[in-house]
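S.K.: Listed below are the residues making up each chain.
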Amino acid sequence: MNQKQDYFPEGHAFYSALRRRYLIAGVWQTIFFSALLIAIISLMALLYDVVNGAFGYIAYEYKNDPSEYTSTPISELTKEELLSILKENLSSGAYNKLNNEQPMETRSQGELYVLFLKGLLQVDTKQTWDLTDSLLRGAEIRAEAAEKYPDAQLEFRSWLTPQFLTTPMSSKAEFAGVRTAVLGSLWLVGIAIIFALPVGVGSAVYLQEYAPKNWLTAIIQTNINNLAGVPSIVYGMLGLALFVRTMESITSGAAFGITDSNGRTVLSAGLTMGILVLPLMIINAQEAIKAVPDSLRQAAYGVGATRLQTVWSHVLPNALPGILTGSILAISRTLGETAPLIVVGASTFVTIDPSSPFSKFTALPIQIYNWTTRPQSEFHAIAASAIIVLLVLLLTLNATAILLRNRFQRKY
Amino acid sequence: MQNTQTPEYAIETKNLSIHYGNFTAVKDVTIQIEKQKITAIIGPSGCGKSTLLRAFNRMNDFVPNCRVSGDLLLHGINLYSKEVDPVEVRRKIGMVFQKPNPFPKSIYENIAWGARINGFKGNMDELVENSLRGAALWDEVKDKLQKSAYELSGGQQQRLCIARTIAIQPEIILMDEPASALDPISTLRIEELMQELKKNYTIIIVTHNMQQAARASDYTAMMMINDERAGGVIEFDETKKIFTRPSDKRTEDYVTGRFG
Numbered sequence: 000m001n002q003k004q005d006y007f008p009e010g011h012a013f014y015s016a017l018r019r020r021y022l023i024a025g026v027w028q029t030i031f032f033s034a035l036l037i038a039i040i041s042l043m044a045l046l047y048d049v050v051n052g053a054f055g056y057i058a059y060e061y062k063n064d065p066s067e068y069t070s071t072p073i074s075e076l077t078k079e080e081l082l083s084i085l086k087e088n089l090s091s092g093a094y095n096k097l098n099n100e101q102p103m104e105t106r107s108q109g110e111l112y113v114l115f116l117k118g119l120l121q122v123d124t125k126q127t128w129d130l131t132d133s134l135l136r137g138a139e140i141r142a143e144a145a146e147k148y149p150d151a152q153l154e155f156r157s158w159l160t161p162q163f164l165t166t167p168m169s170s171k172a173e174f175a176g177v178r179t180a181v182l183g184s185l186w187l188v189g190i191a192i193i194f195a196l197p198v199g200v201g202s203a204v205y206l207q208e209y210a211p212k213n214w215l216t217a218i219i220q221t222n223i224n225n226l227a228g229v230p231s232i233v234y235g236m237l238g239l240a241l242f243v244r245t246m247e248s249i250t251s252g253a254a255f256g257i258t259d260s261n262g263r264t265v266l267s268a269g270l271t272m273g274i275l276v277l278p279l280m281i282i283n284a285q286e287a288i289k290a291v292p293d294s295l296r297q298a299a300y301g302v303g304a305t306r307l308q309t310v311w312s313h314v315l316p317n318a319l320p321g322i323l324t325g326s327i328l329a330i331s332r333t334l335g336e337t338a339p340l341i342v343v344g345a346s347t348f349v350t351i352d353p354s355s356p357f358s359k360f361t362a363l364p365i366q367i368y369n370w371t372t373r374p375q376s377e378f379h380a381i382a383a384s385a386i387i388v389l390l391v392l393l394l395t396l397n398a399t400a401i402l403l404r405n406r407f408q409r410k411y
Numbered sequence: 000m001q002n003t004q005t006p007e008y009a010i011e012t013k014n015l016s017i018h019y020g021n022f023t024a025v026k027d028v029t030i031q032i033e034k035q036k037i038t039a040i041i042g043p044s045g046c047g048k049s050t051l052l053r054a055f056n057r058m059n060d061f062v063p064n065c066r067v068s069g070d071l072l073l074h075g076i077n078l079y080s081k082e083v084d085p086v087e088v089r090r091k092i093g094m095v096f097q098k099p100n101p102f103p104k105s106i107y108e109n110i111a112w113g114a115r116i117n118g119f120k121g122n123m124d125e126l127v128e129n130s131l132r133g134a135a136l137w138d139e140v141k142d143k144l145q146k147s148a149y150e151l152s153g154g155q156q157q158r159l160c161i162a163r164t165i166a167i168q169p170e171i172i173l174m175d176e177p178a179s180a181l182d183p184i185s186t187l188r189i190e191e192l193m194q195e196l197k198k199n200y201t202i203i204i205v206t207h208n209m210q211q212a213a214r215a216s217d218y219t220a221m222m223m224i225n226d227e228r229a230g231g232v233i234e235f236d237e238t239k240k241i242f243t244r245p246s247d248k249r250t251e252d253y254v255t256g257r258f259g
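These protein sequences, in sequence, are chains A and B. If you read the first sequence in numbering that gives the first Met the number 0, its first letter stands for residue 0, the second for the next number, and so on. If you read the second sequence in numbering that gives the first Met the number 0, its first letter stands for residue 0, the second for the next number, and so on.
Simulated from the structure, these hints should not be mistaken for lab results. We put the CB at the ideal spot given by N, CA and C, even for glycine. Please note that a few of the clues may not be correct.
Every beta carbon over 12 Å from chain A, so not counted as near; a handful from chain B, in silico [what the hints assert, rightly or not]:
#, residue
1, E11
2, V67
3, S80
4, F102
5, K143
6, H207
7, D252
One side of the interface only, derived from the structure: several residues of chain B facing chain A at Cβ under 7 Å [unchecked claim]:
#, residue
8, P63
9, R89
10, R90
11, M94
12, G113
13, I116
14, N117
15, I167
16, I171
17, S185
Let's have the full structure, built from the sequences with the hints guiding it.
M.R.: Rendered as structure tokens:
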């Protein structure tokens with residue numbers, strides 16, 4: 000028994016076995032690294048695809064020659080010049096209609112310029128090229144454009160412009176923007192937070208701090224976990240049945256004297272989103288509450304605190320950073336969800352900002368979906384730009400969550 | 000918990016048993032704790048020392064399935080009867096835990112919070128100072144009362160927890176291995192502090208440390224598990240006697256280190 004070489008390899012046998020172990024280790028390391036590489040490549044491809052669409056050459060023509068209206072180069076026109084050009088050349092009906100929407104004098108130079116392009120010059124996009132083509136085949140594109148569209152101007156442009164953020168939806172891709180969609184998405188997030196945060200945190204506090212550990216609690220807990228995995232379209236059906244139809248008098252605002260609307264409002268969609276993120280919100284808040292060590296609760300109870308005093312003064316303040324972080328991550332789902340919005344009835348063409356919970360609305364993913372399904376390539380370009388806007392919004396939310404977590408991280 | 004008759008003991012148990020579901024963790028404990036004395040509970044791991052200690056201020060209420068039978072009498076009133084509120088029990092019987100667990104707040108607030116939630120109406124600054132003096136911590140922290148309690152050393156944190164406990168002026172202080180997470184010097188300071196505290200309070204302490212029990216306590220309860228793995232007090236007497244002339248063979252084996 001005490002001759003250990005009987006049981007373990009020694010000398011040469013040991014080293015050959017060791018070499019084999021290192022070989023296997025190396026193979027596995029390569030496999031793990033390849034997995035990481037595939038993940039990184041997939042993400043890079045996604046990013047490339049989006050950026051590729053959002054920039055590039057565009058060939059466009061003016062149906063009407065700018066020289067018919069002015070002798071100055073059109074990009075140098077001042078607000079006053081644009082005003083007078085529009086007043087002289089637009090039909091009085093069209094001018095009055097615009098004036099009724101918003102008095103022409105109060106509009107900015109940029110807005111008037113767009114009206115000039117849209118209404119008088121009538122820009123007509125002939126063809127667009129993506130970023131890769133524009134960078135690698137610049138000369139070819141210029142030759143091709145000169146041959147196919149002799150009257151067209153060729154310009155390298157970013158589809159993502161400040162104007163893209165501030166203009167509402169338009170039927171022409173060149174003039175379309177995401178303002179209504181961004182505002183719609185923010186309304187959704189806001190309503191979802193107002194509904195889901197208190198309900199979610201309240202449920203989590205009850206489940207963690209009050210609920211007895213019995214079969215009923217276990218069933219509720221299991222179902223909350225399952226609900227977090229229910230496909231979002233199912234929540235859309237729920238929202239349609241509950242908020243759009245059953246509660247129409249409330250969600251349309253009819254109960255508050257608003258008559259020009261049906262149940263397909265930003266309120267219905269926001270509440271649907273609230274229910275959608277609720278399970279996630281509860282689970283995240285529970286995790287945050289669970290992370291507060293029991294020793295702290297015992298310390299509070301030990302000096303004669305009631306349950307509420309313990310929860311209010313110690314558990315919640317210490318769980319708050321975690322609750323906020325988790326809630327933000329949960330709520331950021333609201334920004335990206337599309338399916339429930341389609342079911343609940345988001346409009347795809349809205350030019351008026353949502354101004355109340357009872358407004359019709361659109362949201363960024365809806366807009367992106369709508370634009371990508373159009374045949375014209377310029378719509379694909381603005382869809383790519385809208386995706387960038389959506390991603391930036393998402394990253395901002397997530398960065399806020401990380402900042403909050405780092406700033407308030409506590410040690411016990 | 001009003002009773003005009005002067006009780007003989009600070010607290011006493013009669014056939015106190017503690018069950019977790021169907022399992023009996025502590026069985027038939029009958030002991031009387033003397034006023035203003037230090038009573039140590041010793042015994043091997045898993046014999047139910049901490050469970051018994053936590054039964055004294057109903058901390059076991061938070062353990063699911065935990066059930067207590069028998070009597071725990073404070074001033075002749077059973078603390079487990081329906082009319083007694085556990086919050087009131089914990090206000091009268093304070094507790095110091097094994098690992099220092101100050102609140103993640105300032106030193107001042109650590110002491111003031113317990114007093115405030117219990118409706119303290121006096122001068123808070125005075126109470127904080129007196130409590131810290133009582134826990135022999137005042138001189139070390141008087142210039143940094145608004146600093147976080149986490150900036151203190153482990154031993155200081157434990158004394159802060161003691162100060163927090165005496166701030167609500169309990170009758171009895173329970174200590175669950177209060178020095179087991181501390182170095183020998185901090186341990187000694189806690190033991191010295193206990194001798195000061197017993198002038199005003201009754202102390203019950205659970206300890207693994209034989210020397211600590213022998214050094215610091217007046218009475219000792221020796222616990223051991225029986226064949227059904229239920230813990231029980233096999234011997235309860237003056238500490239001097241337990242460590243010199245124990246009447247039970249198992250106690251003798253344990254205190255002399257020949258156990259097992």
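S.K.: All hints, please: hold or fail.
M.R.: Evaluation of the provided hints:
Non-interface status of B/E11 relative to chain A is upheld: no Cβ of that chain comes within 12 Å, the nearest being about 22 Å off. The claim that B/V67 is not at the interface with chain A holds, since no C-beta of that chain comes within 12 Å of its own (minimum 16 Å). With a closest Cβ-Cβ approach of about 19 Å to chain A, B/S80 is found to remain outside the 12 Å limit, as its non-interface label requires. Distance check for B/F102 against chain A: the nearest CB is about 6 Å away, which does not clear 12 Å, and the non-interface claim fails.
The non-interface label for B/K143 is consistent with chain A: the shortest C-beta to C-beta separation is roughly 18 Å, beyond 12 Å. Every CB of chain A is more than 12 Å from the CB of B/H207 (nearest about 19 Å), matching its label as outside the interface. No Cβ of chain A approaches the Cβ of B/D252 within 12 Å, the least distance being about 34 Å, so the stated non-interface status holds. With a least beta-carbon distance of about 5 Å to chain A, the hint placing B/P63 at the interface is held under the 7 Å criterion.
For B/R89, the suggested interface contact is upheld, since its CB lies about 5 Å from the closest CB of chain A, less than 7 Å. For the restraint placing B/R90 at the interface with chain A, the shortest Cβ-Cβ distance is roughly 4 Å, inside the 7 Å limit, so the hint holds. Taking 7 Å as the C-beta cut-off, the interface hint given for B/M94 holds, the closest approach to chain A being about 4 Å. Against a cut-off of 7 Å between C-beta atoms, the interface hint on B/G113 holds, since the closest Cβ of chain A lies about 3 Å away.
The beta carbon of B/I116 is positioned within 7 Å of a beta carbon in chain A (closest approach about 5 Å), and the interface hint is therefore held. Given hint, B/N117 at the interface with chain A, holds; its Cβ is 5 Å from that chain's nearest Cβ, closer than 7 Å. Annotation: B/I167 was flagged as interfacial toward chain A, and the flag holds, the nearest CB pair being 6 Å apart, inside 7 Å. Because the beta carbon of B/I171 sits about 12 Å from the nearest beta carbon in chain A, more than 7 Å, this interface hint is broken.
This hint is violated: B/S185 has a C-beta 18 Å from the nearest C-beta of chain A, more than the 7 Å allowed.
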